[in-house]
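Number of protein chains: 2
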Amino acid sequence: MPRIPKERLGRYLGLKREFKEEHYINLNPIQRGGVLTSEARKALLEFGDGYSTCDWCPPKAARLDAIERPPIAQFMRDLAEFLNMDVARVVTRCREAKFITFTTLGEPGDYVVVDSLAHYSTYIAAELARLKIKEVPHGGPPEFKLDLDAYADKIEEVKRETGKLPAVVLLTHVDYLYGNLNDAAAVGKICKKYGVPFLLNAAYTAGVMPIDGKKLGADIIVSSGHKSWAASAPTGILALKEELVDKMLARSKVVGDWSERKFGLKEYALLGCTVMGAPLISLMASFPHVVERVERWPQELEQARYLVEQLERIEGTRQLGVKPKQHTLIHMESDGFYKASQTHKRRGFFLYDELKRRGIVGLQPGLTKHFKLNPYGLSREKVEQVTKSFLEIANEQKLKVD
Amino acid sequence: MPRIPKERLGRYLGLKREFKEEHYINLNPIQRGGVLTSEARKALLEFGDGYSTCDWCPPKAARLDAIERPPIAQFMRDLAEFLNMDVARVVTRCREAKFITFTTLGEPGDYVVVDSLAHYSTYIAAELARLKIKEVPHGGPPEFKLDLDAYADKIEEVKRETGKLPAVVLLTHVDYLYGNLNDAAAVGKICKKYGVPFLLNAAYTAGVMPIDGKKLGADIIVSSGHKSWAASAPTGILALKEELVDKMLARSKVVGDWSERKFGLKEYALLGCTVMGAPLISLMASFPHVVERVERWPQELEQARYLVEQLERIEGTRQLGVKPKQHTLIHMESDGFYKASQTHKRRGFFLYDELKRRGIVGLQPGLTKHFKLNPYGLSREKVEQVTKSFLEIANEQKLKVD
Chain A
0 MPRIPKERLG
10 RYLGLKREFK
20 EEHYINLNPI
30 QRGGVLTSEA
40 RKALLEFGDG
50 YSTCDWCPPK
60 AARLDAIERP
70 PIAQFMRDLA
80 EFLNMDVARV
90 VTRCREAKFI
100 TFTTLGEPGD
110 YVVVDSLAHY
120 STYIAAELAR
130 LKIKEVPHGG
140 PPEFKLDLDA
150 YADKIEEVKR
160 ETGKLPAVVL
170 LTHVDYLYGN
180 LNDAAAVGKI
190 CKKYGVPFLL
200 NAAYTAGVMP
210 IDGKKLGADI
220 IVSSGHKSWA
230 ASAPTGILAL
240 KEELVDKMLA
250 RSKVVGDWSE
260 RKFGLKEYAL
270 LGCTVMGAPL
280 ISLMASFPHV
290 VERVERWPQE
300 LEQARYLVEQ
310 LERIEGTRQL
320 GVKPKQHTLI
330 HMESDGFYKA
340 SQTHKRRGFF
350 LYDELKRRGI
360 VGLQPGLTKH
370 FKLNPYGLSR
380 EKVEQVTKSF
390 LEIANEQKLK
400 VD
Chain B
0 MPRIPKERLG
10 RYLGLKREFK
20 EEHYINLNPI
30 QRGGVLTSEA
40 RKALLEFGDG
50 YSTCDWCPPK
60 AARLDAIERP
70 PIAQFMRDLA
80 EFLNMDVARV
90 VTRCREAKFI
100 TFTTLGEPGD
110 YVVVDSLAHY
120 STYIAAELAR
130 LKIKEVPHGG
140 PPEFKLDLDA
150 YADKIEEVKR
160 ETGKLPAVVL
170 LTHVDYLYGN
180 LNDAAAVGKI
190 CKKYGVPFLL
200 NAAYTAGVMP
210 IDGKKLGADI
220 IVSSGHKSWA
230 ASAPTGILAL
240 KEELVDKMLA
250 RSKVVGDWSE
260 RKFGLKEYAL
270 LGCTVMGAPL
280 ISLMASFPHV
290 VERVERWPQE
300 LEQARYLVEQ
310 LERIEGTRQL
320 GVKPKQHTLI
330 HMESDGFYKA
340 SQTHKRRGFF
350 LYDELKRRGI
360 VGLQPGLTKH
370 FKLNPYGLSR
380 EKVEQVTKSF
390 LEIANEQKLK
400 VD
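First to last, the protein sequences are chains A and B. Using numbering that gives the first Met the number 0, you'd call the opening residue of the first sequence number 0 and step up by one each time. Using numbering that gives the first Met the number 0, you'd call the opening residue of the second sequence number 0 and step up by one each time.
Think of the hints as simulated: they come from the structure by calculation, not from any bench. A couple of the hints might just be wrong.
Stated by the list, open to error - Which stretches of chain B does chain A cover? Using the computed rule of at least three CB atoms under 8 Å from a CB of chain A, they are: (1) 34-40; (2) 131-141; (3) 264-276.
What the hints assert, rightly or not - Okay, derived cross-link-like pairs now, EDC-like style, lysine to aspartate or glutamate, Cα gap no bigger than 20 Å in a straight line: (4) B/LYS41 x B/GLU20; (5) A/LYS5 x B/ASP211; (6) A/LYS144 x B/GLU259; (7) A/LYS5 x B/GLU294; (8) A/LYS397 x A/GLU353; (9) A/LYS387 x A/GLU353; (10) A/LYS240 x A/GLU80; (11) A/LYS246 x A/ASP64; (12) B/LYS214 x B/GLU241; (13) A/LYS41 x B/GLU17; (14) B/LYS41 x A/GLU45; (15) B/LYS19 x A/GLU67; (16) B/LYS368 x B/ASP334; (17) B/LYS5 x A/GLU38; (18) B/LYS158 x A/ASP256; (19) A/LYS163 x B/ASP256; (20) A/LYS144 x A/ASP182; (21) A/LYS19 x B/GLU38; (22) A/LYS144 x B/ASP256; (23) A/LYS252 x B/GLU106; (24) B/LYS5 x A/GLU80; (25) B/LYS252 x A/ASP109.
What the hints assert, rightly or not - Not everything, but these chain B residues come out facing chain A in the computed CB check (under 10 Å): (26) ASN25; (27) LEU43; (28) THR52; (29) ARG94; (30) GLU95; (31) ILE123; (32) SER227; (33) ALA284; (34) GLU294.
Here a beta-carbon is modelled for each residue, glycine too, at the ideal position from N, C-alpha and C.
Excised from the complex, chain A in its bound form (with noise of 0.2 Å):
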């Protein structure tokens, strides 16, 4: 067997992580609502060990989802409750979701109608699960704002194309290029008049802003716990209505041929027990403020807006996406930066340097024409700093700032 060499293990020893919390404002648009709270920090480490959630698992009913410690069978409830849903479970990503609700209410060839701002992760889980995609189209710049209406017609041309519905149709509540916040109760709608089940991504939504499965139609509810839940990676949401357990949550039916054995109590489409560690307890820790949180939604979306408003004083730089602001994460597009970069000897990587510079990081090195931020859970002190080192950055540009 091939050992190592000891010198080329030196480099897992002592990991740091550059850009933490304390030591930088982080603007990353996937990174705000993941940070973790001090409870969840506190609890990564007390079920850091593999398999330190499984010490009471029930002999009788050996699932993850069916433990009472630490309250995890508790928590599936609470999570479902506060979505407004029945039924919810954790598994390793948003994604991972998206495939279970794709390879159980679809069959090989079937559709699913999407959004055209869906997530990549969108378009693979359902290449996983053997179906094929109908995008919704989008209007273009600067708005990119959805025709949700085509939901219908989507729906009808794939009943057309196939003698057959789409198996699900599958909207992003905010997508990750725009932060645009879609109407999910107008979808509801068509897909409660056609009868196909709707799967709302709430990936960028549920734990960051107030969600009601129920008044948003929606049947399936799907969401990242290390994106908007402030828990640590890797999971993911799973909540659905009573109606689809049957097929979603769907018990094992496999028996060997030789042995007889039978998996009766496992969900089969979710490969039985799913996060047995310390993410999952991480997301259980941050609940509580998660559930508080929500319903400081409105402040947060006003400190968007106002950042919006600071970086559009300077030359050439406007928001994309709808405005005003429905969500946090921000799209800007400056032609004024852009310009500076020109010029600039480290091009297009100066923004992110001077940006560094003054302690913030989070924005994708090299870019000044199209960028993306996410002020939230940001102090109103941070954000100041944020838009002071953006004016000041201009100016050194010699960019106008109104």
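Fit chain B to the supplied structure of chain A, relying on the hints for placement.
Same frame as chain A, now just chain B:
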């Protein structure tokens, strides 16, 4: 939107684990190999925040396994080398690695040949991939030895019945029931002869004992970070030979019908990125320790055999599975403790109670006739405490001790 009452949320504050390593000797057979190193504990906190691994995601190769800071890309290479395989990925669970194998190498309706002591997750991973199961028998008590030659018969049987070879052959290297170590190389040879991909489930072996994939003739090795690599859950390992990369790590081919979006970088069966946070980092941080500890496997085995020898001194008590032990997972049968339980006021729970009173946990509560335990990684002193405790309890129950 419903609000969860504050008093109900209180239960998620201050989540504590009772059975921490500092407080108990935990013999739980699934937990011994997953106890974190102190390096892993520190790394957990560094990378606790959701998506904290993604600070330096390379924009042009945006994928978890391409990240160089922290050294995830290098880790994938070292992991493959350590197992003497060509390519490795970290996925969310060993069972997910099995599912990925089944779904990428098989078509719905195909067969997979498995050993009849395989874990339930093997069966349901096949079920989710819509494959059928053909089992290789074992010889029953007391050894429960698998008939490895029967792999050839079962492959022939599948061929006869379906006109097609099985999609995959799976062997559980060490089974969860009796801890029997199987001669993987023998099955590797059979698979090679038939040209069927050989998947070795090394959940109980890789990470605790030396594994040489090439020597064993494995085409795919899967393992579990939280079971055997001193990592937090959920973490699975998928290692494969170069020849299978095109199929198993195939890039996404889906195209948006309206947007024409493509995601050709993403490995679709992994759903793109997998463990983008703390558990992966814990696996990396423990890796230097794991590389070193597998060399101490002979001492671990010796200790397990000593424990068996001591337990077998108790009246009516014997080890099941192949003797002498080739793995530290031990299955004991005790007519003695069972007899004692019949008249004990706590019935079958007395054994659990008496051990816990002595600071020892991890046996399934209620069991006396059959119980499993695993001394992996315990100091000699602690193993002595375990044997002493068992013998003491036997004495108290008036069982003969040789």
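Q | Hint check against the structure, violated hint numbers in rising order | A | none
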